Every structure is written in C-alpha cells, then in structure tokens.
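Chemist: From just these sequences and the hints, can you work out the full model?
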Amino acid sequence: MSLFWRIFLLNAAVVVVAMALLLGPYVTVSKHVRLGEAEVVVSGAAVMLVINALLVRFFGLAPLKRLSQAMTTADLIRREARPDVVGAGEVADLTRTFNSMLDRLESERAASSARILSAQEAERQRVARELHDEVGQTLTAVLLQLKHAADRAPAALGEELRLAQETTRGSLDEIRRIARRLRPGLLEELGLASALRALAAEFTVPGLAVRHRIDRGLPPLDPESELVLYRIAQEALTNMARHSAATQAEIRLRSSAAGVVELLIRDNGKGTGGAPEGNGMRGMRERALLTGAELSFGAGPYGGTEVRLAIAITAGSTA
1 MSLFWRIFLL
11 NAAVVVVAMA
21 LLLGPYVTVS
31 KHVRLGEAEV
41 VVSGAAVMLV
51 INALLVRFFG
61 LAPLKRLSQA
71 MTTADLIRRE
81 ARPDVVGAGE
91 VADLTRTFNS
101 MLDRLESERA
111 ASSARILSAQ
121 EAERQRVARE
131 LHDEVGQTLT
141 AVLLQLKHAA
151 DRAPAALGEE
161 LRLAQETTRG
171 SLDEIRRIAR
181 RLRPGLLEEL
191 GLASALRALA
201 AEFTVPGLAV
211 RHRIDRGLPP
221 LDPESELVLY
231 RIAQEALTNM
241 ARHSAATQAE
251 IRLRSSAAGV
261 VELLIRDNGK
271 GTGGAPEGNG
281 MRGMRERALL
291 TGAELSFGAG
301 PYGGTEVRLA
311 IAITAGSTA
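In terms of my numbering, the sequence shown opens at residue 1 and continues consecutively.
Simulated from the structure, these hints should not be mistaken for lab results.
For each label pair, taking beta carbons as the anchor points, the in silico distance ranges come out as: (1) R66 - I214: 41 to 51 Å; (2) S118 - N11: 55 to 65 Å; (3) R254 - P223: 15 to 25 Å; (4) E189 - G259: 25 to 35 Å; (5) R254 - S171: 33 to 43 Å; (6) G259 - R211: 22 to 32 Å; (7) V15 - I116: 50 to 60 Å; (8) T73 - R96: 12 to 22 Å; (9) V17 - E294: 44 to 54 Å; (10) S171 - T73: 41 to 51 Å; (11) I214 - G136: 25 to 35 Å; (12) R213 - E189: 20 to 30 Å; (13) T73 - T140: 53 to 63 Å.
These numbers come from a predicted model, not from an experiment.
All residues carry an ideal CB built from backbone N, CA and C; glycine is no exception.
Modeler: Spelled out as structure tokens, the structure:
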C-alpha cells in the first residue's frame, strides 16, 4: 500500500469511529451545548488527534524514519547491512533505490580507491628507488671521501671528520630504513611472513617490544592481499608507536579451517578511549575494502587496542 493511501485510511478510520460514537446511543449532543457535552466533544477530539498521531507515527511513517536513519548513518567504507524492504509501494521502491545506490557507490569508491592506492604504491616505489639509488649512493660516496680525508688529516681535524662520518652513516641508515618502509622489498622477495617478522623487528626499540606469531603452512595469497596485510600491519604499528604509549605489542598471523587468513595487531597501551577514527584507521578500512576483507578495531586482551583483519581465501589465489 502506498504511503498516501496508508495515511488516508488511518485518518478515515479515526473519523469513522468518531462519527459512529456521535451517531450512536452512547454520546448525544443537545441543541444548546452544555458544558459536559462540550467536554465530551473536546475530549473526543483530543483522543482522535492522539490516536491519529500515534498511528501515523508508528505505522504510517515508520518505514520512512528507518530509511532516514539508514541514510544518515551510511558510510561507504564500512560494510553495513542494508535497510530491509518491507511491503510494496513508494517507500519500498525508495528503499530499494537507496540500497541500489549504496551498492553502486561502494563499487565505484572501491574502484577509485584501488586506482589511488595503486598510484600511491607506484609513487612510493619510485621515491624509495631514488632514495636508495641516488641519495644512498651519494651519501656512500661522501662517506668514502670523509674517510679518505680523515686518514690524511691532522689528529684534531681527523677527529672532527670521523664525527662527520658517523653523522653521515646515521643519515644513510635512516634513508635506507625509510626506503624499506616505502618499498617492502622483503615482501616481494621472501614473502609475507618474512616481511612481517622484519616489521616487528623494526618497531622493537628500547621501551617497546614487538613479538610475532606467524603460523606455518599458511594458504597462498595473491600479491594484492599480501600487500594489504602488510600495509595494514605497518599502519597499525605506526599508530601504536605514536599514540598508544604501549610497552608490548604482538603481530599474529593465522589461518582457519574456514579458509580465512586473520591478522591481529595487539598492544597493551591506553587504547583509543572512544576517540573518533582518524585518517590512519580510515585508510586501513579503504585498503581492506580492496580485497573484500573484514577489518575491526576494539579492545585487546591486554587492555590496549586490537586491530583484526580477516581475508577470505579464494580458489584462484596464488602464492
């Protein structure tokens, strides 16, 4: 039934009931209205208005309210349940149209995000290659020149040149570290497990211990899924190191009999505290959408934060 006829019939039902009461033997009105009769009429009108408001609110416009709430809370980077299509008519058609629009927008956003992230990865590889090949080689040459000069300089000047050597060597190590983070060479060469172990070692510093537990015999993943897993682990550890004040963290990679590979990043920090999601979390959600993975954030078993990513293995996945 359409919204128009639903509201019309509800109102008509209230009016018919009121007329039946007035025409029946239970309610009578004299030619000269008395106070008691006026009170009856006013009370009846008030009751009709209340009943009409309740019927329209909870029966006539309830589907529109549910649809309005769904429109208000819709988020294209979260896989949420669609509002149910109830009955037929304009509201049902509107709900179906809204669900179809969400499906189309999610598909378009996923395709757009895939192109953007692909371009980002290509740019990261270019920058990492330039840092490693050009800046790295230049600093290596500077190191050799400093060593050559230090070996032939007087003692006092030689000490200063050696300090410059150490500073240059530290800068070279930092550039190589940045290049590794921009372009995970271990992921391409040795696979996801080795890359995650190296990532745990990279974030292990004084005051923060990062452990890794990676199951053996994990099912093969396609390169895109492996990159998504690695980048989400990297972003989660970066957020943890910056904001959580944690002293312990864990990377867990495991598979289930249901054909799902699950990544867990846990820490014992202060947690999110109900803070809204920042760009880092939304970026992780966008990456998860690329592979149809399920990503969730919550409280960890150690009182900190837990990031959970589950990727279903498809029959066409390759190592």
